[in-house]
Amino acid sequence: MAGSKVYFTDFRTNVGTSLTVKMQKLIRKAGIGDIDMDGKFVAIKMHFGELGNLSYLRPNYAKALADLVKEQGGLPFLTDCNTLYPGSRKNALEHMDCANINGFNTITTGCQIIIGDGLRGTDDIEVPVPNAEYCKTAYIGRAVMDADIFISLTHFKGHEATGFGGAIKNIGMGCGSRAGKMQQHNSGQPIVHEEMCRGCGRCAKECGSDAIFYNNKKAHIDETLCKGCGRCIGACAFDAIENLNEDANEVLGRKMAEYTAAVCNGRPCFHVSLVRDISPNCDCHGENDAPILPDVGFFASFDPVALDQACVDACLKSEPLPNSQLSDNLKKPGWHHHHDHFFDSNPNIRWKETLEHAEKIGLGRREYELITM
Numbered sequence: 001m002a003g004s005k006v007y008f009t010d011f012r013t014n015v016g017t018s019l020t021v022k023m024q025k026l027i028r029k030a031g032i033g034d035i036d037m038d039g040k041f042v043a044i045k046m047h048f049g050e051l052g053n054l055s056y057l058r059p060n061y062a063k064a065l066a067d068l069v070k071e072q073g074g075l076p077f078l079t080d081c082n083t084l085y086p087g088s089r090k091n092a093l094e095h096m097d098c099a100n101i102n103g104f105n106t107i108t109t110g111c112q113i114i115i116g117d118g119l120r121g122t123d124d125i126e127v128p129v130p131n132a133e134y135c136k137t138a139y140i141g142r143a144v145m146d147a148d149i150f151i152s153l154t155h156f157k158g159h160e161a162t163g164f165g166g167a168i169k170n171i172g173m174g175c176g177s178r179a180g181k182m183q184q185h186n187s188g189q190p191i192v193h194e195e196m197c198r199g200c201g202r203c204a205k206e207c208g209s210d211a212i213f214y215n216n217k218k219a220h221i222d223e224t225l226c227k228g229c230g231r232c233i234g235a236c237a238f239d240a241i242e243n244l245n246e247d248a249n250e251v252l253g254r255k256m257a258e259y260t261a262a263v264c265n266g267r268p269c270f271h272v273s274l275v276r277d278i279s280p281n282c283d284c285h286g287e288n289d290a291p292i293l294p295d296v297g298f299f300a301s302f303d304p305v306a307l308d309q310a311c312v313d314a315c316l317k318s319e320p321l322p323n324s325q326l327s328d329n330l331k332k333p334g335w336h337h338h339h340d341h342f343f344d345s346n347p348n349i350r351w352k353e354t355l356e357h358a359e360k361i362g363l364g365r366r367e368y369e370l371i372t373m
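Each residue of the sequence shown is one higher than the one before, starting from 1 at the first, in the numbering used here.
Take these hints with a grain of salt, some might be off.
Said to hold, decoys possible - In silico DSSO-like links for lysine-lysine, alpha-carbon gap of 27 Å or less:
id	residue 1	residue 2
1	Lys136	Lys360
2	Lys25	Lys40
3	Lys352	Lys136
4	Lys22	Lys70
5	Lys40	Lys29
6	Lys70	Lys29
7	Lys217	Lys227
8	Lys29	Lys63
9	Lys40	Lys70
10	Lys360	Lys317
11	Lys5	Lys29
12	Lys217	Lys205
13	Lys331	Lys360
14	Lys40	Lys22
15	Lys227	Lys205
16	Lys332	Lys352
17	Lys332	Lys317
Since the hints were made in silico from the structure, they are not lab data.
Please work from the sequences and hints to get the whole structure.
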């Protein structure tokens with residue numbers, strides 16, 4: 001049986017032709033026109049970049065994709081869900097400010113921006129996960145699941161925990177509400193930093209387990225009652241509550257695959273990845289290090305597993321860039337060469353388990369046919 005079709009084009013352009021036009025041609029060639037979008041809500045999931053980070057995708061690419069959706073009669077909106085960690089995207093107001101500062105608004109993108117899990121990251125839906133082994137249900141941002149059609153627009157890059165951040169990372173982790181991110185990242189419970197707690201009571205009001213009590217005007221979490229949903233993290237305006245208990249990276253990757261299956265199951269989906277500015281770490285960082293590999297190109301497919309595998313393979317064939325985290329590691333005396341750019345950049349990561357599990361649960365296929373335009 002032939003593998004899933006993945007379409008590719010590089011970043012070369014002739015004089016008078018823009019990269020966004022080239023991307024649109026690839027997406028059309030990959031078959032997005034086969035999706036009936038007339039009068040339907042279309043969620044375009046992407047990462048707006050943490051403040052201080054400059055490697056995220058420019059809003060021009062989002063507009064190019066949104067314009068294609070509108071050509072087919074669709075009603076597109078850009079979306080992402082709030083973060084579990086403290087930063088500039090931990091609630092919808094700060095998230096929208098961050099997106100706007102980084103250039104995403106209705107003028108630059110041609111469509112609205114909706115934070116998928118609401119003001120505090122608690123507006124979610126519990127969604128069944130097909131063929132699940134770790135997460136029988138997934139907590140997904142409500143606006144993401146309310147859409148009739150789902151499209152991912154991904155900046156493919158390195159990642160300090162999952163090896164790379166591709167379509168599965170963008171969808172699975174990115175569409176999880178705060179409770180969903182908590183479920184993927186750990187099986188433990190948050191803690192309170194008493195020196196930062198103001199005793200405002202907001203976390204206790206948000207807790208659905210009555211697990212938070214106060215002693216000397218400082219919040220405490222009763223471990224026997226806490227369910228580890230993480231909603232208190234988003235409720236705290238003073239960054240006094242934190243998640244410290246992380247699962248092994250291979251388990252994290254498998255859970256992300258299951259969350260991606262929950263998001264994509266039962267409705268038309270399409271996926272686009274740009275392999276460029278391949279920073280060693282996630283765009284969730286408030287900074288970005290120099291790229292570890294040269295820019296590769298645009299990839300598009302109906303299959304997110306095949307898409308990620310094709311992006312990985314293209315990266316592994318590339319030569320490391322000098323003066324990067326990857327090349328610095330390779331020059332260290334006694335360095336154990338993994339012959340895997342993602343392992344050699346971040347030796348504690350796991351990435352193969354993500355794709356293996358994604359294929360196992362029926363999300364897609366690792367075998368693919370690369371069609372170059």
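Tested hints:
no., hint, verdict
1, Lys136 - Lys360, "15 Å, holds"
2, Lys25 - Lys40, "22 Å, holds"
3, Lys352 - Lys136, "22 Å, holds"
4, Lys22 - Lys70, "18 Å, holds"
5, Lys40 - Lys29, "22 Å, holds"
6, Lys70 - Lys29, "17 Å, holds"
7, Lys217 - Lys227, "23 Å, holds"
8, Lys29 - Lys63, "18 Å, holds"
9, Lys40 - Lys70, "10 Å, holds"
10, Lys360 - Lys317, "26 Å, holds"
11, Lys5 - Lys29, "11 Å, holds"
12, Lys217 - Lys205, "15 Å, holds"
13, Lys331 - Lys360, "37 Å, violated"
14, Lys40 - Lys22, "25 Å, holds"
15, Lys227 - Lys205, "15 Å, holds"
16, Lys332 - Lys352, "25 Å, holds"
17, Lys332 - Lys317, "22 Å, holds"
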